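The listed protein sequences derive, respectively, from chains C and D. Every letter in the first sequence is one number past the one before it in the working numbering, and letter 235, counting from 1, is 235. Every letter in the second sequence is one number past the one before it in the working numbering, and letter 317, counting from 1, is 317.
Source of the hints: derived by calculation from the structure; they are not laboratory data. Some hints here could point you the wrong way.
[Claimed, not checked] Straight line, CA to CA, 25 Å or less: simulated BS3-like cross-link-like pairs of lysine-lysine:
hint	chain 1	residue 1	chain 2	residue 2
1	C	Lys-26	D	Lys-187
2	C	Lys-208	D	Lys-187
3	C	Lys-302	D	Lys-261
4	C	Lys-302	D	Lys-294
5	D	Lys-311	C	Lys-26
6	D	Lys-140	D	Lys-125
7	D	Lys-43	D	Lys-71
8	D	Lys-208	C	Lys-311
9	C	Lys-261	D	Lys-261
10	C	Lys-150	D	Lys-311
11	D	Lys-22	C	Lys-302
12	D	Lys-14	D	Lys-140
13	D	Lys-69	D	Lys-114
14	D	Lys-114	C	Lys-294
15	C	Lys-182	C	Lys-125
16	D	Lys-187	D	Lys-229
17	C	Lys-261	D	Lys-229
18	D	Lys-261	D	Lys-311
19	D	Lys-36	D	Lys-14
20	C	Lys-311	D	Lys-36
21	C	Lys-311	D	Lys-209
22	C	Lys-66	C	Lys-125
23	D	Lys-36	C	Lys-180
24	C	Lys-302	D	Lys-209
25	C	Lys-43	C	Lys-14
26	D	Lys-22	C	Lys-184
27	D	Lys-69	D	Lys-22
28	C	Lys-294	D	Lys-140
Model, not experiment: these values are computed from the prediction.
Number of protein chains: 2
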Amino acid sequence: MDRYLPTIQWIGSKIKIVDQTKLPLKLRYIWCRDIKDVFRAIKTMQIRGAPAIGIVASFGLFLGIKDSKAKNFREFKRDLDRGIRYLSKARPTGFNTFWALERMRKKALENSDKRICEIKDILLKEAENILEEDRIGCRKMAEFGCKLIKNNDRILTICNAGSLATADYGTALGVIYRAKEKGKSMKVYVCESRPLLQGARLSCWELKKRGFDVTLICDSMAADIMREKGINKIFCGADRISRNGDVANKVGTYNLAVLAKFHNIPFYIVAPTSTFDLSILKGEDIPIEERNEKEVTSLFFKSRIAPFDIKVINRAFDMTSHSLITAIITEKGIIYQPLQKNIIEIIEK
Amino acid sequence: MDRYLPTIQWIGSKIKIVDQTKLPLKLRYIWCRDIKDVFRAIKTMQIRGAPAIGIVASFGLFLGIKDSKAKNFREFKRDLDRGIRYLSKARPTGFNTFWALERMRKKALENSDKRICEIKDILLKEAENILEEDRIGCRKMAEFGCKLIKNNDRILTICNAGSLATADYGTALGVIYRAKEKGKSMKVYVCESRPLLQGARLSCWELKKRGFDVTLICDSMAADIMREKGINKIFCGADRISRNGDVANKVGTYNLAVLAKFHNIPFYIVAPTSTFDLSILKGEDIPIEERNEKEVTSLFFKSRIAPFDIKVINRAFDMTSHSLITAIITEKGIIYQPLQKNIIEIIEK
Numbered sequence: 001m002d003r004y005l006p007t008i009q010w011i012g013s014k015i016k017i018v019d020q021t022k023l024p025l026k027l028r029y030i031w032c033r034d035i036k037d038v039f040r041a042i043k044t045m046q047i048r049g050a051p052a053i054g055i056v057a058s059f060g061l062f063l064g065i066k067d068s069k070a071k072n073f074r075e076f077k078r079d080l081d082r083g084i085r086y087l088s089k090a091r092p093t094g095f096n097t098f099w100a101l102e103r104m105r106k107k108a109l110e111n112s113d114k115r116i117c118e119i120k121d122i123l124l125k126e127a128e129n130i131l132e133e134d135r136i137g138c139r140k141m142a143e144f145g146c147k148l149i150k151n152n153d154r155i156l157t158i159c160n161a162g163s164l165a166t167a168d169y170g171t172a173l174g175v176i177y178r179a180k181e182k183g184k185s186m187k188v189y190v191c192e193s194r195p196l197l198q199g200a201r202l203s204c205w206e207l208k209k210r211g212f213d214v215t216l217i218c219d220s221m222a223a224d225i226m227r228e229k230g231i232n233k234i235f236c237g238a239d240r241i242s243r244n245g246d247v248a249n250k251v252g253t254y255n256l257a258v259l260a261k262f263h264n265i266p267f268y269i270v271a272p273t274s275t276f277d278l279s280i281l282k283g284e285d286i287p288i289e290e291r292n293e294k295e296v297t298s299l300f301f302k303s304r305i306a307p308f309d310i311k312v313i314n315r316a317f318d319m320t321s322h323s324l325i326t327a328i329i330t331e332k333g334i335i336y337q338p339l340q341k342n343i344i345e346i347i348e349k
Numbered sequence: 001m002d003r004y005l006p007t008i009q010w011i012g013s014k015i016k017i018v019d020q021t022k023l024p025l026k027l028r029y030i031w032c033r034d035i036k037d038v039f040r041a042i043k044t045m046q047i048r049g050a051p052a053i054g055i056v057a058s059f060g061l062f063l064g065i066k067d068s069k070a071k072n073f074r075e076f077k078r079d080l081d082r083g084i085r086y087l088s089k090a091r092p093t094g095f096n097t098f099w100a101l102e103r104m105r106k107k108a109l110e111n112s113d114k115r116i117c118e119i120k121d122i123l124l125k126e127a128e129n130i131l132e133e134d135r136i137g138c139r140k141m142a143e144f145g146c147k148l149i150k151n152n153d154r155i156l157t158i159c160n161a162g163s164l165a166t167a168d169y170g171t172a173l174g175v176i177y178r179a180k181e182k183g184k185s186m187k188v189y190v191c192e193s194r195p196l197l198q199g200a201r202l203s204c205w206e207l208k209k210r211g212f213d214v215t216l217i218c219d220s221m222a223a224d225i226m227r228e229k230g231i232n233k234i235f236c237g238a239d240r241i242s243r244n245g246d247v248a249n250k251v252g253t254y255n256l257a258v259l260a261k262f263h264n265i266p267f268y269i270v271a272p273t274s275t276f277d278l279s280i281l282k283g284e285d286i287p288i289e290e291r292n293e294k295e296v297t298s299l300f301f302k303s304r305i306a307p308f309d310i311k312v313i314n315r316a317f318d319m320t321s322h323s324l325i326t327a328i329i330t331e332k333g334i335i336y337q338p339l340q341k342n343i344i345e346i347i348e349k
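Turn these sequences into a full structure, and let the hints steer you where they fit.
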């Protein structure tokens with residue numbers, strides 16, 4: 001099973017990742033050699049997409065402890081926890097990072113009786129497992145989800161929930177890729193996804209590379225094209241899903257969900273189970289990252305497009321109520337309404 | 001009655017206008033000396049906003065015929081009609097241009113028995129009347145509309161429906177300005193209005209100059225801030241309104257109207273009666289301008305933000321169904337539902 005695009009690779013004790021701030025004009029790779037490189041790559045969004053961040057954080061945590069001088073597990077655990085706390089601060093909303101770091105922590109605890117050098121090897125293996133499971137999970141989500149797509153569908157998506165956001169196919173785009181592989185024809189419309197334009201820059205690039213009929217729109221055009229172009233399905237990724245099925249995802253997703261309801265268009269979320277935060281009961285309790293206002297006021301920190309001294313909101317995510325979601329596609333199956341009940345059944349099975 | 005910002009001035013046989021492509025960083029003026037200058041200024045959106053375009057087109061038509069060598073009215077009429085046809089092609093959606101040019105044509109016909117040089121003077125006077133009536137109309141709309149605003153309202157707007165779009169206060173922003181003059185306090189949130197960012201560049205600039213508490217958001221954040229910031233009123237301008245009350249306005253307006261309905265927020269349109277095209281029965285028959293796709297794919301025609309060879313939609317306007325509109329504020333009064341019935345009563349009174 002080949003990977004769709006090697007967004008994240010572990011090569012010779014370094015993480016090689018696609019620098020997503022340079023796309024679509026340049027396909028550049030960067031190397032993360034230590035935990036600080038990883039923190040910076042996540043923070044500046046050289047790597048982004050909740051599953052991808054989770055994977056990179058796992059390797060980053062390994063980079064953080066691989067040279068630990070700890071003489072016993074207590075000391076090692078202190079180094080590990082320091083790394084976890086550090087990486088947890090990079091971006092607050094996407095849950096996969098916390099899930100992945102917690103999994104690494106648990107793995108260490110389970111092996112606390114082993115020698116430190118062995119635990120280090122086990123943790124590297126665990127990071128590799130997280131990557132590999134994400135690859136397989138992408139394929140499973142795609143297989144479940146592609147059945148929802150009919151020939152000649154006109155699909156809308158936002159941000160980038162593709163290969164660049166995961167270790168393989170992607171989530172929302174993975175479903176679309178698989179449908180095409182199965183011979184279905186479709187038109188894909190992409191919201192540019194201000195302020196950082198992941199839709200325009202990343203999703204259009206991926207979709208074009210895969211030979212799709214892809215059309216870029218501004219976020220403000222979504223309602224117009226739902227009506228005028230007859231959009232009949234919407235697929236989005238997710239950064240964190242609460243126990244009741246509320247979804248935090250790229251800001252603008254909630255817009256689309258409301259517009260979809262008005263236009264009677266099925267609205268699907270595609271996300272691995274590692275995105276579900278069952279400790280949070282409802283979406284309003286999901287922390288929403290607020291980023292530098294210059295992302296809004298200065299295009300890529302260069303051309304200023306707004307007056308100075310005004311207030312700016314730059315909440316990077318919004319929260320879509322479970323009531324607006326038709327179904328959530330996971331690697332364990334499709335979760336239909338009532339989400340609140342069915343999430344528990346599917347996630348914990 | 002002083003003008004709020006001299007967006008359009010007639011000085012010594014030339015039109016002096018604010019170059020709106022340079023704001024907010026530079027307040028530059030340009031001079032239109034002939035009809036071609038006017039066509040270009042409208043087409044490139046150095047001047048924009050339906051009422052402002054109508055005014056400038058009237059003066060532009062005068063510039064087009066002022067040196068006419070016509071020896072009789074038939075010849076003069078031919079020159080006049082050529083100018084009207086030419087300016088009508090600059091931008092297709094906003095109705096005020098067609099209304100203003102038709103008004104100029106009628107004025108000429110009414111005076112066809114006069115000497116050509118007299119008719120020219122009459123047409124210049126008519127252009128000046130169109131400007132002056134727009135000024136007065138702005139004040140009247142503002143006076144009617146400001147009563148809808150309560151102290152501490154949190155208002156959302158899109159694009160620029162302010163001084164820069166008219167000969168005075170503006171339409172949607174005029175209402176807000178007047179409410180502040182009457183001592184009401186409010187927060188104003190502005191959608192940046194991709195692709196050309198008239199909200200970020202122009203409305204934020206105007207509002208800041210007038211001392212407002214102004215907050216810029218990306219268009220994709222509208223639903224989020226409606227819920228999270230408790231937006232309780234939306235005011236937008238209009239480019240053309242059909243007989244049944246459907247409204248063509250800056251793309252994204254229809255998004256806001258749907259989101260407003262979902263969040264139970266009153267949604268107001270503010271427009272002079274010159275924006276109403278009673279010859280068009282419903283919004284779907286309003287021609288929607290499609291502009292250069294580079295406005296979307298390359299920020300201000302400089303930095304490319306999307307891959308090459310993809311499709312792009314750049315419909316500059318969208319159509320909001322009358323059923324989503326709470327009321328339309330005109331200089332003749334506020335038109336409430338049912339719009340279809342009340343428009344005829346108010347416009348033709």
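Original post:
Okay, which hints does this one fail, numbers in order?
Top reply: Checked against the structure, the hints that fail are numbers 1, 2, 3, 7, 12, 14, 15, 18, 20, 23, 26, 27 and 28, while the rest are satisfied.
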